[in-house]
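Colleague: Assemble chain U onto chain R, guided by the hints.
Residue numbers (UniProt numbering), protein chains in the order written: chain R, 1 to 515; chain U, 1 to 364.
A hint or two may mislead.
As the list claims (entries may be wrong) - Non-contacting residues of chain R with respect to chain U, defined by C-beta distances greater than 12 Å in every case (computed):
#1 Q27
#2 L124
#3 K262
#4 G284
#5 D475
Claimed, not checked - Each computed BS3-like pair below joins lysine-lysine, with the alpha-carbon atoms no more than 27 Å apart:
#6 K345(R) - K382(R)
#7 K42(R) - K166(R)
#8 K357(R) - K403(R)
#9 K9(U) - K348(U)
#10 K239(R) - K262(R)
#11 K229(R) - K42(R)
#12 K231(R) - K62(R)
#13 K400(R) - K382(R)
#14 K405(R) - K241(U)
#15 K42(R) - K62(R)
#16 K357(R) - K229(R)
#17 K345(R) - K348(U)
#18 K144(R) - K166(R)
#19 K389(R) - K345(R)
#20 K241(U) - K403(R)
#21 K175(U) - K389(R)
#22 K62(R) - K229(R)
#23 K382(R) - K241(U)
#24 K281(R) - K403(R)
#25 K42(R) - K239(R)
#26 K281(R) - K241(U)
#27 K229(R) - K481(R)
#28 K166(R) - K62(R)
#29 K389(R) - K9(U)
#30 K9(U) - K405(R)
#31 K357(R) - K48(U)
#32 K171(R) - K62(R)
#33 K357(R) - K175(U)
#34 K62(R) - K357(R)
#35 K357(R) - K345(R)
Since the hints were made in silico from the structure, they are not lab data.
Bear in mind that the values here come from a model prediction, so they are computed numbers and not experimental data.
Heads up, the beta-carbon is just placed ideally off N, CA and C, and yes, glycines get one too.
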Amino acid sequence: MNPAVEISQTKELDLPPELEVVNMTKQFGQLIALDQVSLTLKPGTFHALLGENGAGKSTLVKCVMGFYQPTSGEVRFNQQVQTIASPRDAQRHGIGMVYQHFTSVPAMTVAENLVLCRYESAALIDWKAEYEVLNAFMETAPFKLPLSAIVAQLAAGEKQKLEILKQLYLKSKILILDEPTSVLTPGEADEVLGLIRQEVVAGHLSVLLISHKFREVTAFVDEITVLRKGKFAGSGSVKDLTIADMAEMMMGEKRDPQKVEKTVHPDPTPVLQIQEIHANKDNGLEAISGVNLTVNSGEIVGIAGISGNGQRELVEVLAGQRIATAGQVLVNGEVYRASRREMFKHRVFVLPEEPLKNACVPQMSVAENLALRTFDRSPQAKGWMLLFKPIREAAQRLIKIFKIKTPSPETPVSNLSGGNVQRTVLARELSSDHINLLIAANPCFGLDFAAVDYIHSEILETRNRGVAVLLVSEDLDELLKLSDRILVISEGKFAYESPIATADFAAIGRSMAGH
Amino acid sequence: MLTSAHWRKTLEAVSIPIAALIFSLFLFGLFCAAAGANPFAVYGAIYKAAFGSWFAFQNTLIRAAPLMLTSLCTALPARLGLVIIGNEGALVMGGIAAIAAGLSVAGSAPALVVQIVMAIAGILAGGVWIGIVGALRHYRAVNETISSLLMNYIAIAILNHLVGGPMRDPTSLNKPSSFPIPDADKLGNIPFTRVHYGLLYGIVVCIIAYYLIQRTTFGFAARTAGGNVKAARIAGLPVGKLTIAICFLAGSAAGLAGMVEVAAVHGRANESLNANYGYAGILVAFIARHNPIAASVVAILLGGILASGSILQRQLGLPDATVYVFQGLVFLVVLYSESLYGRFAIFKEPEAPSLPPPSATLAV
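Extracted from the complex, chain R is given alone in its bound form (with noise of 0.2 Å):
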């Protein structure tokens, strides 16, 4: 048998087949991550799932490919239930995954990671054979890669194509995409989008793209699926639905800003202000491309924006965790450059997301952990010498007030429960009565009900005694009850500011998607 044939002759013989998730359920304990949602993914089309995080995109593909299995609902293709039980037998049926990261080995050439990727190899590689047929295969692909080129030196477009190349090496009719173009250059990402949609066009695929942008929704697309919360929100085909319909299936109806007690600081003076700063992902591409931000006292000011748009990166510079590559940040008129020192004398706090990773050593003690920002300085310490006794009163006193669920203090935080660390978090860097700048990134990520409306108030409350408050997040309602002021971060710039009395629901959602 000769694969190179065979190759050739699936794409010219049929189409894709038509896949269908019906009535699909998740559930992780209580949480239910997907809600009896249903799409068709019609043979030859370009189909993108859209919806904000954690609307249940990835839940639902996972369990298409046979990573979770679903706890209600099917798959059907061309009409007949199927069951996957593994990302092998997803395979089997044809459909093949590209994440958003690379998968292919930087070391090796572009031949050997497309043999690589075959589940059945056989143990002893015939290289003559094989690259006789990997050059038939690249004769027929949409696009050329250089067989014996090494990976590592691949341009972040060109890797992105070799994982969709080894898709279709492996004959999958079907492709997901998972946020393809977050590594890429808008340049790069409008070339590997517009070669699969020949693709598409030519009947030889059917694509599953999860996107946030409407850019590439509006250019590629031909159908959309909408989820939120879980939920199916919408579905349609590109051509009849307007931007603003769409965001509007994205975010859900108008809602009107919760009323939270809010006390109208008289004379507000600047006390972050960040001037031009620009700050590099850990890949190296640019993150924040030069923004410019004030923040008052007896404020909060939100940023929206959907994950990967800049704003980790923004507030690490802000919390000393990533080096700005340009552009300073004054707190208080002064330059701030996050030592010590400087945080101590502007009385700077930060709650950042992830606490365990971020905030936390997961190793020493609640009480240590407690310490973090008071152990250096008396009465925790009296020069040199750490001096326990105060350090452990002033833990028992933080665990009591913010009912912190520890066996001791001396246990290692990494023991707690999640919400017991952001609680120990927060007792770390609210307790402090003479806060000056507090800077807090989904504060609120992961937590109970009961726990939510406890850090809102929290963080009110701060507002109210003039603090002036950067809060940085993901969650939309969240933003619109407690901040002042909302801008919107979209591709490492704000593309949108409003106070928030005036704030326009749809104008936020485009700004979020790009448009």
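Modeller: For chain U alone, coordinates are given in the frame of chain R:
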């Protein structure tokens, strides 16, 4: 307060290394049997040579002194998450600096002053040597394990160059050496023993190191940065300065070991300085789980094993390198045993009875 969580953890930290040592003794026994010796005779000989008599035990202590100091060169940076194995190089550099400083003031100053000057020189030289490793790590992201290992070879080459050339005493014929320091300036023995004061240096420095890490703000900052760099940065701690400072301190402990060897044992610098105390110090640090107090105890144990090398040769006809086989086995087994922490139910805190979630009472 000694809670149940604490004693279980301590018990685990003590039991696992001891079990590892016993298992490596067993493996070593197999090796000896394969080499044609009776394993139990070997164990007996090691015990006798190391701890069997006051005379033997003093020998052990003399060897333990530099081990205590060199072990800190690995143990201190480990608290910051760094794996440094440049102990031998720092010891050698400390020894060279100590002899150079000692020779320049000997004769014109009282013995105590000469010794203090030598100690300071050794501390500075060793500290700067490993401090360079820390700086390379922080500013250029050079892997500290590799750079510190390679710097050992540089240090040994510098030693050979200096004692064979610029610092050579022309009377040292078959073993090129520096000029000796006068006997009057050498580090003396602790009264009523043959053990030199270096042992006291070792014990005192280990205690200081323990306090530095556990009881000072510096140690707290270092442990924070070692446990989670992101948390350290959010607290504004100067991670780079901490890295270089702790590397300096680590190197200075090993440098002091070099000074002790020169000032108390050899009286001069020559190739005897590089007698593997640095490498054995890495082993001590790992067995002691980077706890300086435990390191001083482990150093005595390992000093005993090292002291037994010549006995094995004389009594059982085994090559004296046999003890290095044992040392290597101990190292492998101890490194393996690191993977056993948290695996045994007996060391785990029993599950606390679950209380209602506090969030219910938290709503404001």
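Colleague: Could you run down the list of hints and mark each one as holding or not?
Modeller: Consistency of the hints with the structure:
Every beta carbon of chain U lies more than 12 Å from that of Q27(R), the smallest distance being close to 20 Å; the non-interface claim holds. Remark: the non-interface label on L124(R) is consistent with the geometry, its nearest Cβ contact in chain U lying 34 Å away (cut-off 12 Å). Its beta-carbon lying about 16 Å from the closest one in chain U, K262(R) satisfies the requirement of being farther than 12 Å from that chain. Consistency note on G284(R): stated as away from chain U, and its beta-carbon is indeed over 12 Å from all of that chain's, at 14 Å minimum.
Look at D475(R): its CB is around 18 Å from the nearest CB on chain U, clear of 12 Å, so calling it non-interface holds up. Distance check on the hinted pair: K345(R) and K382(R) sit about 19 Å apart at the alpha-carbon level, within 27 Å; holds. The straight-line distance between the Cα atoms of K42(R) and K166(R) is roughly 23 Å, inside the 27 Å bound, and the hint therefore holds. At roughly 21 Å between alpha-carbon atoms, K357(R) and K403(R) fall within 27 Å of each other, so this suggested pair holds.
Pair hint K9(U) plus K348(U) holds up; C-alpha atoms about 8 Å apart against a cutoff of 27 Å. Taking the CA atoms of K239(R) and K262(R), the gap is about 44 Å. The hint is violated against a cut of 27 Å. Restraint check: the Cα-Cα separation between K229(R) and K42(R) comes to about 25 Å, which is no more than 27 Å; the hinted pair holds. Among the hinted pairs, K231(R) with K62(R) is consistent with the structure: their alpha-carbon atoms are about 16 Å apart, no more than 27 Å.
Taking the CA atoms of K400(R) and K382(R), the gap is near 25 Å; set against the 27 Å cutoff, the hint holds. In summary, the hint linking K405(R) to K241(U) is not supported, as the alpha carbons are separated by about 35 Å, beyond the 27 Å threshold. A C-alpha spacing of about 19 Å is found between K42(R) and K62(R), which places the hinted pair at or below 27 Å, so the restraint holds. Our distance criterion of 27 Å between C-alpha atoms is met by K357(R) and K229(R), whose separation comes to about 26 Å.
Taking the CA atoms of K345(R) and K348(U), the gap is about 43 Å. The hint is violated against a cut of 27 Å. In summary, the hint linking K144(R) to K166(R) is supported, as the alpha carbons are separated by about 12 Å, within the 27 Å threshold. Between K389(R) and K345(R), the direct Cα distance comes to roughly 25 Å. Compliance with the 27 Å bound is thereby established for this hinted pair. For the suggested pair K241(U) and K403(R), the alpha carbons sit about 36 Å apart, so the restraint of at most 27 Å is broken.
Distance check on the hinted pair: K175(U) and K389(R) sit about 58 Å apart at the alpha-carbon level, beyond 27 Å; violated. The hinted pair formed by K62(R) and K229(R) meets the criterion: a straight-line CA distance of about 17 Å does not exceed 27 Å. Between K382(R) and K241(U), the direct Cα distance comes to roughly 21 Å. Compliance with the 27 Å bound is thereby established for this hinted pair. For the proposed pair K281(R) and K403(R), the alpha carbon gap of about 36 Å is over 27 Å, so the pair is violated.
Annotation: proposed proximity of K42(R) to K239(R) holds, straight-line Cα distance about 16 Å (limit 27 Å). The hinted pair formed by K281(R) and K241(U) meets the criterion: a straight-line CA distance of about 25 Å does not exceed 27 Å. Of the supplied pair hints, the one linking K229(R) and K481(R) holds, its CA atoms being roughly 19 Å apart against a limit of 27 Å. Between K166(R) and K62(R) the alpha-carbon distance is near 19 Å, which keeps this suggested pair within the 27 Å criterion.
At roughly 22 Å between alpha-carbon atoms, K389(R) and K9(U) fall within 27 Å of each other, so this suggested pair holds. Between K9(U) and K405(R), the direct Cα distance comes to roughly 21 Å. Compliance with the 27 Å bound is thereby established for this hinted pair. Of the pairs offered as hints, the one joining K357(R) and K48(U) is violated, with about 51 Å between alpha carbons and a cut-off of 27 Å exceeded. With a CA separation close to 20 Å, the supplied pair K171(R) and K62(R) stays within the 27 Å bound.
Straight-line distance between C-alpha atoms of K357(R) and K175(U) comes to about 56 Å, which puts the hinted pair past the 27 Å bound. Distance hint between K62(R) and K357(R) is fulfilled; the C-alpha atoms sit about 25 Å from each other, no more than 27 Å. Among the hinted pairs, K357(R) with K345(R) is consistent with the structure: their alpha-carbon atoms are about 26 Å apart, no more than 27 Å.
Hints 10, 14, 17, 20, 21, 24, 31, 33, counting from the list given before, are not met by this structure.
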